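Peer 1: Listed in order, the protein sequences are those of chains A and B.
To convert, note that position 196 of the first sequence is 196 in full-length UniProt numbering; the numbers rise steadily by one, no gaps.
To convert, note that position 124 of the second sequence is 124 in full-length UniProt numbering; the numbers rise steadily by one, no gaps.
By construction, these hints were calculated from the structure, which means they are not laboratory data.
Every clue listed holds true.
One side of the interface only, derived from the structure: several residues of chain B facing chain A at Cβ under 10 Å: (1) Ser3; (2) Thr6; (3) Arg9; (4) Val10; (5) Val11; (6) Pro18; (7) Gln78; (8) Ser81; (9) Glu83; (10) Arg84; (11) Leu86; (12) Leu90.
Here the structure is a predicted model, which means the values were calculated and not measured.
Backbone N, C-alpha and C define an ideal beta-carbon position, used for all residues, glycine too.
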Amino acid sequence: MKTSVEAMMIATRELTKRFKSVTAVDGITLEVADGELVALLGPNGAGKSTTLRMLTTLIPPTGGSAEVAGFDVVAKQREVRRRIGYIGQGNGAGHSQRGRDELISQGRAYGLPVRQARARAGELIESLGLGEVADRTVSSLSGGQRRRLDIAMGLIHAPELLFLDEPSTGLDPQNRANLQEHIVGLRREHGTTIVLTTHYLEEADSIAERVIVIDHGRIIADDTPQRLKAKHVGDRVFLGFGSEADATTAAGLLNGVREGDRVQVSADDGPRMVPGAIEELRTAGVAVHSVEVTRPTLDDVFLTLTGRSLRNEEA
Amino acid sequence: MSSLVTDTRVVFSRELRPVLRSPFSIVFSMVQPLFFLALFAPLLPEGSSLQWFVPGIIVMSCLFGSSMTGSNLLYEIQTGSHERMLVTPLRRPALLIGRALKEIVPMIAQAAVIVLACLPFGFRLHLTGAVLGLLILAGFCVGLGALSYTLALASKNQEWLFWTVQQTLLFPLLLLAGVLLPIDNGPGWLRLLSQINPMTYVVNAERALFDGDIWSRTTVYGLIAAAGVGLLGLFVGVRAMQRSD
Ligand SMILES: Nc1ncnc2c1ncn2[C@@H]1O[C@H](COP(=O)(O)OP(=O)(O)OP(=O)(O)O)[C@@H](O)[C@H]1O
Ligand SMILES: [Mg+2]
Numbered sequence: 001m002k003t004s005v006e007a008m009m010i011a012t013r014e015l016t017k018r019f020k021s022v023t024a025v026d027g028i029t030l031e032v033a034d035g036e037l038v039a040l041l042g043p044n045g046a047g048k049s050t051t052l053r054m055l056t057t058l059i060p061p062t063g064g065s066a067e068v069a070g071f072d073v074v075a076k077q078r079e080v081r082r083r084i085g086y087i088g089q090g091n092g093a094g095h096s097q098r099g100r101d102e103l104i105s106q107g108r109a110y111g112l113p114v115r116q117a118r119a120r121a122g123e124l125i126e127s128l129g130l131g132e133v134a135d136r137t138v139s140s141l142s143g144g145q146r147r148r149l150d151i152a153m154g155l156i157h158a159p160e161l162l163f164l165d166e167p168s169t170g171l172d173p174q175n176r177a178n179l180q181e182h183i184v185g186l187r188r189e190h191g192t193t194i195v196l197t198t199h200y201l202e203e204a205d206s207i208a209e210r211v212i213v214i215d216h217g218r219i220i221a222d223d224t225p226q227r228l229k230a231k232h233v234g235d236r237v238f239l240g241f242g243s244e245a246d247a248t249t250a251a252g253l254l255n256g257v258r259e260g261d262r263v264q265v266s267a268d269d270g271p272r273m274v275p276g277a278i279e280e281l282r283t284a285g286v287a288v289h290s291v292e293v294t295r296p297t298l299d300d301v302f303l304t305l306t307g308r309s310l311r312n313e314e315a
Numbered sequence: 001m002s003s004l005v006t007d008t009r010v011v012f013s014r015e016l017r018p019v020l021r022s023p024f025s026i027v028f029s030m031v032q033p034l035f036f037l038a039l040f041a042p043l044l045p046e047g048s049s050l051q052w053f054v055p056g057i058i059v060m061s062c063l064f065g066s067s068m069t070g071s072n073l074l075y076e077i078q079t080g081s082h083e084r085m086l087v088t089p090l091r092r093p094a095l096l097i098g099r100a101l102k103e104i105v106p107m108i109a110q111a112a113v114i115v116l117a118c119l120p121f122g123f124r125l126h127l128t129g130a131v132l133g134l135l136i137l138a139g140f141c142v143g144l145g146a147l148s149y150t151l152a153l154a155s156k157n158q159e160w161l162f163w164t165v166q167q168t169l170l171f172p173l174l175l176l177a178g179v180l181l182p183i184d185n186g187p188g189w190l191r192l193l194s195q196i197n198p199m200t201y202v203v204n205a206e207r208a209l210f211d212g213d214i215w216s217r218t219t220v221y222g223l224i225a226a227a228g229v230g231l232l233g234l235f236v237g238v239r240a241m242q243r244s245d
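Please build the complete structure, drawing on both the sequences and the hints.
Peer 2: Now the structure itself:
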């Protein structure tokens, strides 16, 4: 899919992490090009956080290798750290600190001079709508406000590559939508390469151009959400008829399954398949009474890939 | 090297900021030492006893504050802000040294509060001695703080471990250093335990120094004990921090 001429932001080879008895990440080989927005999707314990923690130099791999922003994650930790932003699964700001202070410290940690760190903190407070709470103690902020502060801290040094571990977990739908908008905006306005993990299928579907499905520490699918759905599930078309006899004829012609006076047909592209099917049935003397097309969700994809539903595992 | 200094300064000022924002928090860890002062001092025999008792209480206050300080790191490990700092380019040793050095500030503030509270009751302050005493105490509390952070790093995901170890060590260290009662008349085994407790030498040095007895062997022993605890703490702490994930 990618040519080797393009700059690779992330390139891993057989990346593996084994904890005593658990193999959390089991040989992941992966390339992410400059400017991509990638979602790692998988159930609890799939190995998403462990993968991110290796890519961000937090833990060393037990096997394989990874280059991030052009540097090896083990041999050149500081070079990697300088170039990436990381927003972990927890809260980055110290609870006894004030948000603005933490932002400035974070800027200083990345080597910004005080004056610049202060200016940058001000910008981010503005753009993330934290103006009213930035000078309060972090422990008094709501979950959504804290999460936005986390995002601001991850962006303080305007990294070229940003990792987010479940950025929207625990947020209400409104805050989640705002956050997704912000992430998409980063990518659009600054060309930031973004890798995020999520359990939310809708999230992966709506913001990522590339979804990597992980299960038991392995990549089991890697494609655009559209192609994943088309390839693994396809659309479902339901056609209604005036009688069971008509339905039986139609099921035969279209290679579908009859249920009462309805027929279900699978198609790569449902809406485009329907007009031709209606035409074909009319020629055969069968009138179509109703048409319904359902598009698959990533949950369907996950189900066909693993035989398990992603949703059930969340509970 | 200059960069390790810069990094340490960043961590140090971050740690210090909440303290400066709410100075009253310094008094919080002093509640117990102040109680000991208020409830024990009246029981002491007449004479120069305050002169004997107060330096011990200053060391006690330093012990309480510095040994608890790891709980802040423990909390930051749990919430994720430690992880966030581990991903920044800050050098790992700076993450520990900056935190440990910050212990000096509340220690000095606490010593000042205790001394001021005791002056009206006849406590005599020898300034040169007191300054030297605080210098020794600075080394001691940096070491204690570093050890407390080490304990916090080792107790990751097991908060009970941190508090069990801290609480278990706190009072034996305190009593064996002869802070509340003199050890001199105790049985041999008690005196031996007291002699291997570095805090004993720090307490003795503080007593001598606050009393104006500066150029004595006691001062040298106190200095060695405090520097030893300081260096040991930093060494162990930096190693633990380098392994932290
Ligand atoms: N430090 C560790 N020690 C031992 N096992 C670990 C450690 N960290 C993770 N694991 C195990 O590795 C596996 C993958 O965990 P990981 O946190 O990467 O999953 P995840 O995909 O991020 O899950 P979630 O969606 O719940 O965040 C799990 O079985 C987990 O229990
Ligand atoms: Mg996770």
